[in-house]
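Asks: So the chains spell out like this:
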Amino acid sequence: MATESLKYLNPDSETEVKTKVFPRPGQNTKGIINWLTTIDHKKIGIMYGMAALFFLILGGLEALLIRSQLWNHNMDVLTNREYNQMFTMHGTTMVFLVIMPLSAAFFNFIMPLQIGARDVAFPRMNTLSLWCFIAGGIVLNLSWFFTGGSPAIGWFGYAPLTDTRFAEVLGDMGPDFWIFSLQILGLASLLASFNFITTIINMRAPGMTMMRLPVFTWMTLIVSFLIILAFPAITIALVELMFDRTYGTNFYDFLEGGKPHLWQHLFWIFGHPEVYILILPAMGIVSEIIPVFSRKPLFGYGLIIFSGAIIGFMGFAVWSHHMFTTGMGIVATSAFSILTMLIAIPTGVKIFNWIGTMWGGRIRFETPMLFALGFITMFMVGGFTGIMHSSVPIDAQHQDSYFVVAHFHYVLIGGALFGLFAGFYFWLPKLTGKMLNEKLGKFVFTLMFIGFNLTFFPMHYLGMIGQPRRTHSYNEGHGFETWNQIATIGAFILGVGIVIGVYQFVTAAFNKKLKPAGKNPWDARTLEWTLSSPVKEYNFARTPIIKARDQAWENNYGPEENHSQKEPLDDHGVHMPDRSWYPLITGLGFLGLVLGMLFHQSVDVNTGEIIRNYTPAIAGGVVAILGIIMWAIEGPAGYHLFPKEDEE
Amino acid sequence: MSEASAHAIDHHEPVTSTGIPNKKVLMWAFLGSDCMFFGTLISTHLIYRKISATVGGNFLDIRDIFDIELTSFSTFILLASSLFMALAVSAIHKGNLNSTRWMLFGTIVFGAIFLACQVYEFTHFVHAPGNELTLSSYRGEPHVFGSTFYVLTGTHGTHVAIGVFWLIGWLIYSFTGKMSTADAMDIECCGLYWHFVDIVWILIFPVVYLMEYAF
Amino acid sequence: MKILFTKLQTKYFIIFPALILFFGGCSRIDHKQSALDPKGLVSQNQYDIFMLSVWITIFLFCAVGGCLLYVLWKYRAKTPEEAMEVPPQSHGNSKVEVSLIIASTVILVILAIPTLQGVVLMNRVPDPNDASTLEKLDLNRSAIDNAITVNVTGKRFFWVFEYPQYGIVTANELVFPTSRAVRINLRTEDVIHSFWLPKLAGKMDLMPGQENFLWFIADQDKIITRTDDNGNKIKTSIDEAMPSVFNGQMRERIFAKQKFTDEFEAVGGLFYGQCAEYCGNSHAYMSFRALAQTDEDFDSWVKKFQNAQNPNLQPSSYNPENEYNKGSLVSFPDKSLGDSDVREFRAVKTISKGQAPNLAKKEWVKANSDDYEKGKKLFSSLQCVQCHAINRTGLGSKGPNLTLFGIRTSLAAGWMRNDEENLVKWLKNSNDVKFGNLMWNGEGVDDTHPLRNLENEDEKVNQLVTYLLGLK
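Residue numbers (the working numbering), protein chains in the order written: chain U, 1 to 648; chain V, 649 to 863; chain G, 864 to 1335.
Errors might be hidden in some of the hints.
Said to hold, decoys possible - Cβ pair distances, simulated, as ranges:
1. G:V1287 x U:I489: 36 to 44 Å
2. V:L851 x G:R987: 52 to 60 Å
3. G:N1003 x V:Y857: 43 to 51 Å
4. U:N74 x G:G1307: 26 to 34 Å
5. U:L440 x G:P950: 41 to 49 Å
6. G:E944 x U:F306: 35 to 43 Å
7. G:D1008 x V:E789: 37 to 45 Å
8. G:R1255 x V:Y768: 52 to 60 Å
I should point out that these hints are in silico values taken from the structure, not numbers from a laboratory.
Given the structure is predicted, the values throughout are model-derived calculations rather than measurements.
For each residue, glycine too, the CB sits at the ideal point set by N, CA and C.
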């Protein structure tokens, strides 16, 4: 990969390996070791994406089982407990193992390219967050195989249903798996967010001021802040729950002084910002795509950024609108009701501005744009039903009915997932160097759009005529059957669409029939489109000097003074940090720690007493700590590459 | 410490957009997040403040179990350790290796004294005759004070312990002969962490030990 | 809503409005549990605000969506050449942005005002001394003054309804008068449940360690109005819409007029409710009924229940020292049932002292059939009585109170119709009907429990059924 330029007299491209244990794989490592030890943000992004797409299929299968069970009244596809496990796992999987990591995949891959950086600030930490995410996914899904099966507590895990006192299977381990997988997933999200914040604040190319940052990067920054401020609440709530379940504390045990209400507050102080953590990346993606396919800059860039920040900020002040029916009293419900209505304003601003962007443009309807337009329309529907829920009297009927299910699927599939799919169709050419099949893409969009609306639009009506959420069965005579059948058919259509889409993404790199993409196939606007597709290992051969927002566009169409320049090549080339085993080892250590904690309790057959054995947990912890120490000792190290001036 | 392996390739800190080193931004972001961790724990404790004031239906001042003198002493020790930490950072900036070493040592010792006080306190409370405070009960009655107290102060203690181990790492490193002013920034990050943990204790001390538990 | 045809991409756009029309056009709104068919003051208020929000959002959707459509149509790139043109690069227009923000704020205010009024209405029964509010709400002062209180306790997976004013307890069927406000105090003994009565009151959670509140008042006019098959509103008589519960007419009318599964109930006074907060395995099966009554019928029902649950009015053992009036009930050993068994006898005429029940003299008759008496005995011997209270309030019981079970309309927390056939099915294997129910799976119930061995005991089951349905 390193092309020696005449300019360099004495390139030492391979560094000497110092550590004896787990020697660092060298620069030219290939195959599986390359992927296991990589610290390249692009490879990490790809792995995030692949794992998340796998979990998307898994969570989708769970959804289809749920829909099959609801095909008709009193169906027997699943038992009630299996059904409850399905919706718990479906919710948890889709939120923590699909939408968040898919966003993280884009953050990883795209954000450093957009700000003109060669990698994120802490590449090895980035790898660690990937392995923590995968460990979390493994732990959550391991629950199927142990006592009690998967958790049947809902993705929200309301106390006191999670208390051992109310377990419906003796020694149910499901909630424990749920707790520990969320903890380790939280760790992954926190590490990634610290990294992104540092990267965006500190590693921008010269001239890339904050107000020149692409909107997607801005949303990355806002989401990262939301994560580091919101996740502590759930982490502590889960710690308290873990203590309740394992060591008999009374945080949520109302029979011994605790308050189940507390869990709901802590959960939603995290949970509501989480909603914006899920939707803002998709908004960022759409804010990138619409200008490109309208050939106009984003309308009201400052206002979009500002409204994103306001949404993020206010997201912390509206959590109790999930709890209108818990009896908080007139004052609290009214206050949260009004605050929730206010948050609709910055959200509306974004929609106005997207339409303003298209106004007067030259609109092309290619697949990414179709998904972006699908996002706008369906997010609008989800947003409007959201306004309805902000009104307490309306919520008194809607809460925990299918109306709410319709609402948040409009936001999370119609919104987040469509936005992320738009991102895939938009950026995969940059990733693979090949254009995706446009016809197939449009077919996928058509299937997903039809399937999605067939599934979720009838749910508004079902909710209004009284179908409650999270019920594995319904009786005859409520008039639920027809609409549930339509929804089920829609769900299968949506499923087929998603499977074809995922197939298209996964095979994009290997499909030889696809046309090459070139540097800038869409005539797009931001910095990543000045690079070759696929992007070189070092991203930028020379650090760009940014002169304007939408730099790629300005380079093509802007006045001379707005064209970007490049820093001169310096003598020792491009420094690339070395690959490392330690993130993987540390990740495995955490996995061991978590599994050790999960299985540390056993019951003495003779005395019936609880025996605690912490050895495996401690062993896991020691591996993790050793991994971190070795990591610190080995340092970033690295090797140098010598690209030609324009080889990027 | 990560700059430990001095390499053929020079590893000067890259120039950053803000001029603040990456690690420091990372540390500030982490501390922001950590504020929320402690914020959640302290809120939990405060929410249960009223419930903590009764045991088995009878009102009582649960602070009776505390030994305020001991805790004031350990608070003072922890604050004093912050001074050592600040001096250590200042010394490494000046390149005074010997002084850095001693100041780090002082911080570690004071941190360890604080931890010892806490361990003593915990064991004392659990076994106090007639006044046993466990995770789940007080005087044998189911109670929530033990839960919030141990988990809140325990989390803080864990933070102190992590800090102590981190400092021990630096102390060991200082004997390898590789320590230089180039490490000043890393030690400063460590110092930021240490000061933060102290400040959190200044918040926890009145909230847990001084404030009245009553309706 | 969104039909887009461009020369290039005709077929890739979806016909959104058709979907909306399709979904909206052919659905009735008066289903059993529909929030779109309010029959009370509070739910009507909730419905009105909902419809306001629906119109607001339809307006917004049309405005914004129309704008979007217009833009997509007007500015579409018609040819590949046009797609490569560079339009003017405008960056925004602060006047447009500010005015849109102001406009959306105004729209939110329109929704916020009724919302705040609604919050107060939901949470507080209007003050009876506040004449202007009562007038605005079209309420009688007496409806508030005479409000009844019901303490609802949620248990996995059924409901306990306690009427503290009357000292009676029932389960799963809430009987209430239409002319009076109903205050509901919500409590739970295990996990969180939610009391959802869509046509009357919306919902409120039952939080452990906390008492929540909800109230409603039914609207008799709306109850007796129903929509016929052609969509016309017709008024039925009060008697037809709200048959009396206490004498079993409600049960008879429901069973006679329609199948359990009929989609649109002819009996307007029958309401369906449901637990709306996930509470465990059988959460779906945790439903209940609310039965509207006229004042007189409600009072009769209360009286009947009070008598049934009054320990002083239970048949006592025959005492030769007493004189018995005509119609008195006594219990007395009857060898025909079993060696040590007693049965109930009713006096045919006034009985003087020392006249022990003797069927030959025709002074006493058997109060109940043999099957009933055997069923009653089985109810104890099969350990049913450990969880179910009959003819006592039994607030601490694990299972639903079965007092006057014979006049109940539904079985298994509102899941089935309470008739012989279903009761047999339920008793033989309740797990088949309601998988995971606590009668089958609860603490202390295993394969040796007599309840689990009724599958082939037709006789015992029939006796139990006779007994239970005979409780009226």
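Asks: Next, verify each hint and record whether it holds.
Replies: Do the hints match the structure? See the list:
1. Under the hint 36 to 44 Å, the C-beta atoms of V1287 (chain G) and I489 (chain U), about 37 Å apart, fit the expected range.
2. For L851 (chain V) and R987 (chain G), the Cβ-Cβ distance of about 39 Å falls outside the hinted range of 52 to 60 Å, so the restraint is violated.
3. Here the CB-CB span from N1003 (chain G) to Y857 (chain V) is close to 58 Å, at odds with the stated 43 to 51 Å.
4. For the pair N74 (chain U) and G1307 (chain G), the beta carbons lie near 28 Å from each other, so the given range of 26 to 34 Å is met.
5. Separation of L440 (chain U) from P950 (chain G) is about 30 Å and departs from the stated range, judged on CB atoms against 41 to 49 Å.
6. Evaluation of the 35 to 43 Å hint for E944 (chain G) and F306 (chain U) yields a pass: the beta carbon distance comes to about 37 Å.
7. Taking 37 to 45 Å as the suggested C-beta distance range, the pair D1008 (chain G) and E789 (chain V) conforms, at roughly 44 Å.
8. Between R1255 (chain G) and Y768 (chain V) the CB atoms are about 57 Å apart, so this pair conforms to the stated range of 52 to 60 Å.
Going through the hint list in order, the structure does not satisfy hints 2, 3, 5.
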